[in-house]
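Enquirer: The residues making up each chain are set out below.
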Amino acid sequence: MDQKRSTLNLFDNIDLATELRLGLPGTDDQPEIKISISGNKRSSSEIGSSTCKDEEESSFSPPAKEQVVGWPPVRSYRKNILQVKKTELETGSGMYVKVSMDGAPYLRKLDLKMYKSYEELMKGLQEMFKCIIGLYSEREGYNGSQHALTYEDKDGDWMLVGDVPWEMFISSCKRLRIMKSCEARGLGDFL
Amino acid sequence: MACSFPEEVLEHVFSFLTSQKDRNAVSVVCKSWYEMERWCRKRIFVGNCYSVNPRIMIRRFPEVKSVELKGKPHFADFNLVPEGWGGFVYPWIVEIARGYPWLEEIRLKRMVVTDECLEMISKSFKNFKVLVLSSCEGFSTDGLAAIVANCRNLRVLDLRECEVEELSGHWLSHFPDSFTSLESLNMACLLSEVSFSALERLVARSPNLKTLRLNRTVPLEKLSTLLQRAPQLVDFGTGAYSAEIRPDVYSSLADAFSGCKNLKSLSGFWDVTPAYLPAICSVCSLLTSLNLSYATTQSPDLTKIVGQCYNLQRLVVLDYIEDTGLNTISISCKDLRELVVFPSDPFVADADVLLTEQGLVSVSQGCPKLQSVLYFCRQMSNSALISISKNRPNLTCFRLCIIEPRAPDYVTLEPLDVGFGSVVENCKQLTRLSMSGLLTDRVFEYIGTHAKNLDMLSIAFAGDSDLGLHHVLSGCDSLRKLEIRDCPFGDKALLANASKLERMRSLWMSSCFVSFGACKLLGQKMPGLNVEVIDERENISSIPECTPVEKVYIYRTVSGQRFDIPDYVRIMGKDKDGVYDLS
Chain L
-8 MDQKRSTLNL FDNIDLATEL RLGLPGTDDQ PEIKISISGN KRSSSEIGSS
42 TCKDEEESSF SPPAKEQVVG WPPVRSYRKN ILQVKKTELE TGSGMYVKVS
92 MDGAPYLRKL DLKMYKSYEE LMKGLQEMFK CIIGLYSERE GYNGSQHALT
142 YEDKDGDWML VGDVPWEMFI SSCKRLRIMK SCEARGLGDF L
Chain W
12 MACSFPEEVL EHVFSFLTSQ KDRNAVSVVC KSWYEMERWC RKRIFVGNCY
62 SVNPRIMIRR FPEVKSVELK GKPHFADFNL VPEGWGGFVY PWIVEIARGY
112 PWLEEIRLKR MVVTDECLEM ISKSFKNFKV LVLSSCEGFS TDGLAAIVAN
162 CRNLRVLDLR ECEVEELSGH WLSHFPDSFT SLESLNMACL LSEVSFSALE
212 RLVARSPNLK TLRLNRTVPL EKLSTLLQRA PQLVDFGTGA YSAEIRPDVY
262 SSLADAFSGC KNLKSLSGFW DVTPAYLPAI CSVCSLLTSL NLSYATTQSP
312 DLTKIVGQCY NLQRLVVLDY IEDTGLNTIS ISCKDLRELV VFPSDPFVAD
362 ADVLLTEQGL VSVSQGCPKL QSVLYFCRQM SNSALISISK NRPNLTCFRL
412 CIIEPRAPDY VTLEPLDVGF GSVVENCKQL TRLSMSGLLT DRVFEYIGTH
462 AKNLDMLSIA FAGDSDLGLH HVLSGCDSLR KLEIRDCPFG DKALLANASK
512 LERMRSLWMS SCFVSFGACK LLGQKMPGLN VEVIDERENI SSIPECTPVE
562 KVYIYRTVSG QRFDIPDYVR IMGKDKDGVY DLS
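Sequence lines, in order, name chains L and W.
Position 89 of the first sequence, counting from 1, maps to 80 under the numbering used here, and the rest follow consecutively.
For the numbering used here, add 11 to where a residue sits in the second sequence, where the first one is 1.
Take the hints with a grain of salt, since some may be wrong.
Claimed, not checked - Label-pair distances were calculated between CB atoms; the ranges are: (1) W:Q309 <-> L:M105: 40 to 46 Å; (2) W:Y421 <-> L:K104: 36 to 42 Å; (3) W:S208 <-> L:M119: 53 to 59 Å; (4) L:A95 <-> W:Y421: 20 to 26 Å; (5) L:S67 <-> W:V40: 16 to 22 Å; (6) L:M159 <-> W:S179: 23 to 29 Å; (7) W:S151 <-> L:M159: 55 to 61 Å; (8) L:K104 <-> W:E232: 44 to 50 Å; (9) W:N550 <-> L:M119: 46 to 52 Å.
Keep in mind the hints are simulated off the structure, nothing from the lab.
Built from N, CA and C at the ideal position, the CB exists for glycine as well.
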């Protein structure tokens, strides 16, 4: 069997009995849809840049160390059961959580007990990752920085760091993620 | 052809037909059989609540006693369907309450059920017996209280993996003292504590109780009390299975288990204290089903127990079982039909557990009756898949999840096309397949060529082009449910196979390359389909037609438009409300 049939050849042989084709009447060509996708969520700024005549190779770069929604396909109640177990093992000897940064190939681990406040945590993270993270405020947004800090709580939800008192935060924080602030939710109007 | 049998004879013959498929076939033989059949159909199954409206159902089948409905698409289980999408059962309950006052059974899966619905159910059906809610949400413990208080003839209350708003544990105390007909109670998914004395009294006055699945809050020390009250149990789910190690507690628990001579199924086992596991040993040889998927304990503890279950048919376990445990199972559990292995830590790249493809290969070698597999692991090879398929050509359901998307054969670094190809070629009765790992269009060619009995296919992060989707849609004759995420499939294959979609229940595609324009065209040309574009971006109306949609859900329907869609859902190409105007 010839494995090298091109896409175009096979579709020539199909009986388009339903006569469903895209494109203006009178044209035979179907416009190639080539969109460059990065990650799972597309921000509205990317929509405008993709056109029907785009010649760019469509590339599907797997998100580097990002959590992909719904993958692996494990129900959320199952995720929570095991989180509880791990916390029980971890308490007592420091409160290490994993920290990921979008674009960085490796994760780091950080002991939350080493810090007494959000400011100290930010300083520590900025030193570790050599970046500037802004703490989000309603008034100033992300303080003009490129990065925002989010965390995963006990229920498996991703939350913006800074809303709750420090003590409450460290008792419910399971891991940290430094995102590009343009991708962080709730930002829209503030950029 | 005049009907030469008297009606009573035909009706009697039809009463032996239980499968909906058979009844549907019978009903199209001739007009009189259609009439005969519709009057005596007792059970209805609707696989997609939006495919038909309840009035049509009630008009055609006036004597129904049992209704089963499914709502949201399967990928809702993994948070791919946004909040508020649909699956509201309320309109169905309203119609059914009017049309089937003698209804006895309701089974719902992935639907939104409110307290109001539950109250309506509890008051509308005098002979209501069975309520099964799987993966449902939208109700609270108040709704449960209504069911429990008002349904005098209730036999089954089965809550499977539901999300319930827990206002209190008082609902259980609403079972009247005169109520003795309970046969099955599954409250495992509830988080709040119920009154233990109310529970004990309920169990004590329910001689027909066969299934009892407790929730996590019932402590281990209290289990023996319940088991002593219900030694006739067939299916038992413990609560949190942990306590301080005390010989008196252990021995009364072990004694209580040994009194249960009919026990076939065990589950629960949250927060397991390993020392208490052997308390179930006396019933191990009776068990046909064992669910240890909440037992976060190491392989030797698990293996010691499972290795004694030599009549086991169904095992659900965490990857803590490891390859060594699975090897023991392949030797000891010769009757195994179904194996499910969940990941203990799904979000880390490297496993702390020694579970590889080898475990699955061993089980496929040693367990001749193995038919159904759901297996999460971190590495796979084509040669392992080939072995599995050659060992077990009788597989009917094969779901493999390799944790890292697009992971290749870890030995050769090639795609896993040949391995999965071997599965569909050798396992000719395969009806369900979920794939993962690095896969090219080639695997879809194999699937289209060989998987002629495939009913449901799940694909993620796979394929190279529309050719892949085309192979599946044009080749899989029995395909009814197809769900796809993050694959480079676009408009061509979809449009070229549009008529196939009317012979399927549904197609889900998210994070693919299907454009708005194609969805609109499909919706316009195919009146028998609802083409739902599910897209949460703002300014949707101003983006070009060639832009890919976030998600599209296509299903056949005779009920026409939905009238309960949220703002981020558009039913494409239809003339009424919900049309997507690109002008």
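Enquirer: Go through the numbered hints given earlier and state which of them the structure violates, listing their numbers in rising order.
Expert: The structure breaks hints 1, 5, 7, 8, 9; every other hint is satisfied.
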